[in-house]
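Model the full assembly from the supplied sequences, consistent with the hints where possible.
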Amino acid sequence: MKPTRAQFEQALRSLRNPALRYADIRWTATHQQHVRVRNGEVDALSATVDRAVGVRVLIGNGWGFAATSHVSEEAILQTAQRALEVAAASNIASTADVVLSDIEPHVATWASAFEIDPWSIALEKKIEHLLAATEPMRGDHRIHQVSGDLSCYRQEKIFASTLGSYIDQTTTEMGGGIEAAALDGGEFQRRTYPNPFGGDYQAAGWEFIEKLDLPKKAPQIRDEAIALLAAPKAPAGRFDLIVGSSQLALQVHESCGHPTELDRAMGLEISLAGGSFLQPHMLGNFRYGSELVDIVADATIAGSIGSFAYDDDGVPAQRFHLIDKGMFVDYLTGRDTAPTIGRKSNGTVRAESAARIPIIRMTNINLEPGATPLAEIIADTKRGIYVETNKSWSIDDLRLNFQFGCEVAYEIENGKLGRLLRNPVYTGITPEFWRSCDAVGDRASWQIWGLPNCGKGDPLQTMRVAHGAPAARFRNVEMA
Amino acid sequence: MVSEQESQAILARALAVANADEADAALISVDQNISRFANSNLHQNMSEISASLTLRVIVNGSMGVASTSSFDDEELAQTAELAREAARHSDPLQHFSGLYQDHEPVPQLATFDASTAGLSPMAKAHDLKVMFERGREAGVQFAGAYLTSAASVATSSSHGVQRYAQLTFVDATVIALRDGSSGYASRCARRASEVDILSLGEEATYKATLALGHNEELEPGAFDVILEPPALAEVLEWLNMIAFTGQAYEDGSSFFVGNLGKRLAGENITIADDATDPDFLPFPFDLEGLPKRRVPLIENGVIKGPVVDKAWADRLEMQPTANAWHLGSPEHGSAFHIDVAAGTATRDELIASTKLGIWVTRFNYVNGLLEPKSALMTGTTRDGTFLIRDGKVVARLPNLRWTQSLVEALTRVEGLTKERRRVATWFNMFGGTIAPTVKVRGWNFTGKSTS
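Protein chains in written order, with our numbering: chain C, 1 to 480; chain G, 1001 to 1451.
Since the hints were made in silico from the structure, they are not lab data. Note that the coordinates shown come from a computational prediction; the quantities given were computed from them, not determined experimentally. For every residue, glycine included, the Cβ atom is placed at its ideal position computed from N, Cα and C. Where hints are given, some of them may not hold.
[Said to hold, decoys possible] Calculated cross-link-like contacts (lysine to aspartate or glutamate; reagent style EDC-like; alpha-carbon spacing at most 20 Å):
1. C:2 / G:1074
2. G:1392 / G:1203
3. C:2 / G:1075
4. C:125 / G:1203
[Unchecked claim] So the derived label-pair ranges between C-beta atoms look like this:
5. C:223 / G:1098: 37 to 45 Å
6. C:141 / G:1098: 27 to 35 Å
7. C:128 / G:1299: 42 to 50 Å
8. C:233 / G:1073: 56 to 64 Å
9. C:341 / G:1219: 35 to 43 Å
10. C:343 / G:1178: 50 to 58 Å
11. C:17 / G:1004: 30 to 38 Å
12. G:1300 / C:318: 54 to 62 Å
13. G:1199 / C:321: 42 to 50 Å
14. G:1261 / C:383: 45 to 53 Å
15. G:1094 / C:438: 49 to 57 Å
16. G:1318 / C:4: 52 to 60 Å
17. G:1318 / C:128: 26 to 34 Å
18. G:1219 / C:284: 51 to 59 Å
[To be verified] Partial list, computed: chain G residues near chain C (C-beta under 7 Å):
19. 1048
20. 1049
21. 1082
22. 1122
23. 1364
24. 1370
Structure (structure tokens):
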């Protein structure tokens, strides 16, 4: 089923057009399995296999992309010809010069590591694990629903280009989590572990699920869901806010990851996702956050779902600062965007599969750990709020005005965690928020969180990214 | 697209290897071209052909689902084995009476237009080039997307229920940008002749240049709003997810629970799921093979009920509503054709009747998960937000954040236009929303402007 290198080279050779400047071809086979239990029974159990071939060509200044889910030799050649036709159409309405940053050809094979293949674990064991993890959350009449999810993902990908690159990559991932939903009259509360929307995800095998130890956490999640029903509403007003690791990871995603995508800054994604307040003239001279804020893009972290060896331009994975001591210093770029700011691609172009065109995507975008233990940050806070675990998210089209809701909050009075609070919502303006950061948690509170559902592009592509973050404190933040 | 004969042949091979008590399958094939542009430059142009088959089996009352994009005998056999394995490990569906097995006729609807299916990337590029040139003359730059697609949808079951339809779809979005201001226009239809990209360019330009140079700001507070169809559609899509689906109803998070038959919205609010309206984006059946029909969700302000697939209809002791858009999906029914009844006003009349208010073209990044029981949502405005004073549009406003309970807002709808527009959404190839422009009293704007 996997195309041969000879087939790929034949397809690239078939692109006969004197104005052809560049072409690449990708093949992917994406395997997914999802198990969900709910209220003591299996609620959903599905398996999918998607195969696709995509061909991208640059004729003059016109890009053409064609894809098919038929992966026969004949279909690959036909797809290559369609890409040429589409590029010819693009040339009619292309008004900008396309400049590609230089790249060396690479021939390589890479696979993410795992100890226990997710597909080697029998379905019975996966189901039993989830039932064991969710059963302790049942029993109280206020618990209306308990559920657990396990997801297995594997993508095999081959990339070949007219530059001579031939790269074979395989990524294997696992994710899982549990949820308790409590209902009492008109009040409805959810509590999840370790994260909502299916849990946390890593480029790993079954060993990651064992490490999560879902059954051990279940009683605490149940108790917190019930306690939230009667908890007072988080107050409105301005507070010193300590944001826990998983929520801060999403804050990084929305307010740093997306606005540092150069295609957004160039207006290329305005039609659906929007633009960016971070414009190229601000590079190197715009204070994004306080001096404590170091945000790094790092596609080389072993075990994270934002990692790979080569992007879908064939550029090697890299680590670089986006925000250096609070200053905005770089974008996420690709070969056709980096030259517009006088730089080379830093290797962040990816597509969800060969069925879609590659665009700039986040990798692992991390807030680097600071030096202060979380307990010290709390002890140093006279009057504040601690929030954890995302519940809702919204940000404007330039990534400035954000509002996040969290599952839980705790009062902080005189350096001590106090009452549990429900429905906390905080809001702010991105650079004002990050400039107000005056304490960043140390390595002990730092964790990397897998986010397998980042949406971007049109047609929308779902990308697997990740964010490392510690807890951190922000002064005088508005709670809604 | 895959022909009816070929589709049914593939589905027959899949069902033949299902080896289950019952089985059904759906084959969806899509051939689409998407031309994306920005800075008045066609920068992404994509031709995508895809096909996928989903097989669902019932074994001893339990359900298993698997899907594949390859249809050779070996792959279909593997897919069937995956589905059977899933069913073997699942619990029996509660009160399940079996897959749909009636053979009711489906409504005869015009879903396919050959000229739309044949529209080439080259022809679209020529139209875009003309629009770009007109934009340059008007001093605006354009961004957007122009999608055309032709698809085939086939279903078949072990009970002999077979369905097939071809559908075309065109969806164009244009954003005009000038001097930091932007304007938005969009249209979607089954027929390309109903979507004029050049007219959209003119409409977006009008919005981008209206009251240009007259900028004001507002402190947060409650204001009367005029919401155009794209804005209303986005909150209704969220309402579908948190209130209309079978799953939201069953898990208790929907505000419909405990309120069936009660009037929670104004008498002027009627919302249905209706794929049979020929003026909308019609489609004749759902993926379980049930004929589509109009399903009232809220009628004259009274809560009528959720949409449910066959399994959840049996579980909840309801009638299935023909809303299964993925076999075995966790939503257990989703309203993919949200139809809001029209009123009698014109947009100009709604604006003229507003002493102090905000005219909203569209929303951005709405989230409806804050408090599902009151449908509390938040989002921002974008691409054309205007201040209305004494019945006239007097200034452009920056984008504003709002946080609003939709349950409350639906009690305060003061007017709806007679004209309705179709609005597409990225996750729904079958339909979308058709809605009028509405005027709502006291919409809660919570955030200062940012751009």
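Verification of the supplied hints:
This hinted pair checks out: residue 2 (chain C) and residue 1074 (chain G) have alpha carbons roughly 15 Å apart, not beyond 20 Å. For a cut-off of 20 Å, the pair hint linking residue 1392 (chain G) to residue 1203 (chain G) stands: about 19 Å separates their Cα positions. Taking the CA atoms of residue 2 (chain C) and residue 1075 (chain G), the gap is near 14 Å; set against the 20 Å cutoff, the hint holds. Only pairs whose Cα atoms come within 20 Å are accepted, and residue 125 (chain C) paired with residue 1203 (chain G) is rejected, the gap being roughly 58 Å.
The hinted range of 37 to 45 Å is satisfied by residue 223 (chain C) and residue 1098 (chain G), whose Cβ atoms lie roughly 41 Å apart. Between residue 141 (chain C) and residue 1098 (chain G) the Cβ separation comes to about 33 Å, which falls inside the hinted range of 27 to 35 Å. With their beta carbons about 46 Å apart, residue 128 (chain C) and residue 1299 (chain G) fall inside the hinted range of 42 to 50 Å. The hinted window of 56 to 64 Å between residue 233 (chain C) and residue 1073 (chain G) holds, with their beta carbons roughly 59 Å apart.
In this structure, residue 341 (chain C) and residue 1219 (chain G) meet the distance hint of 35 to 43 Å, their C-beta atoms being roughly 38 Å apart. Checked against the hint of 50 to 58 Å, the pair residue 343 (chain C) and residue 1178 (chain G) fails, with Cβ atoms roughly 29 Å apart. Checking the proposed 30 to 38 Å range against residue 17 (chain C) and residue 1004 (chain G) shows it holds: the Cβ atoms sit about 37 Å from each other. Checked against the hint of 54 to 62 Å, the C-beta distance between residue 1300 (chain G) and residue 318 (chain C) comes to roughly 60 Å, which is consistent with it.
In this structure the hint that residue 1199 (chain G) and residue 321 (chain C) lie 42 to 50 Å apart at CB holds, the actual value being about 46 Å. Hint check: residue 1261 (chain G) to residue 383 (chain C), Cβ distance near 47 Å, so the stated range 45 to 53 Å holds. At roughly 54 Å, the beta-carbon separation of residue 1094 (chain G) and residue 438 (chain C) lies within the given 49 to 57 Å, and the hint holds. A C-beta distance of roughly 53 Å is found between residue 1318 (chain G) and residue 4 (chain C), which places it inside the suggested range of 52 to 60 Å.
Range check, residue 1318 (chain G) to residue 128 (chain C): Cβ separation about 32 Å, and the 26 to 34 Å hint holds. Restraint check, residue 1219 (chain G) to residue 284 (chain C): a C-beta distance of roughly 35 Å breaks the suggested window 51 to 59 Å. Evaluation of the residue 1048 (chain G) hint against chain C yields a held restraint, the C-beta minimum of about 5 Å falling below 7 Å. Because the beta carbon of residue 1049 (chain G) sits about 5 Å from the nearest beta carbon in chain C, less than 7 Å, this interface hint is met.
Restraint check, residue 1082 (chain G) versus chain C: the minimum CB separation of about 4 Å is within 7 Å; hint holds. Taken as an interface hint, residue 1122 (chain G) checks out: its beta carbon lies about 4 Å from the nearest beta carbon of chain C, inside 7 Å. Annotation: interface hint on residue 1364 (chain G) holds; nearest CB of chain C at approximately 5 Å, less than 7 Å. About 5 Å separates the beta-carbon of residue 1370 (chain G) from the nearest beta-carbon of chain C, less than 7 Å, and the hint is met.
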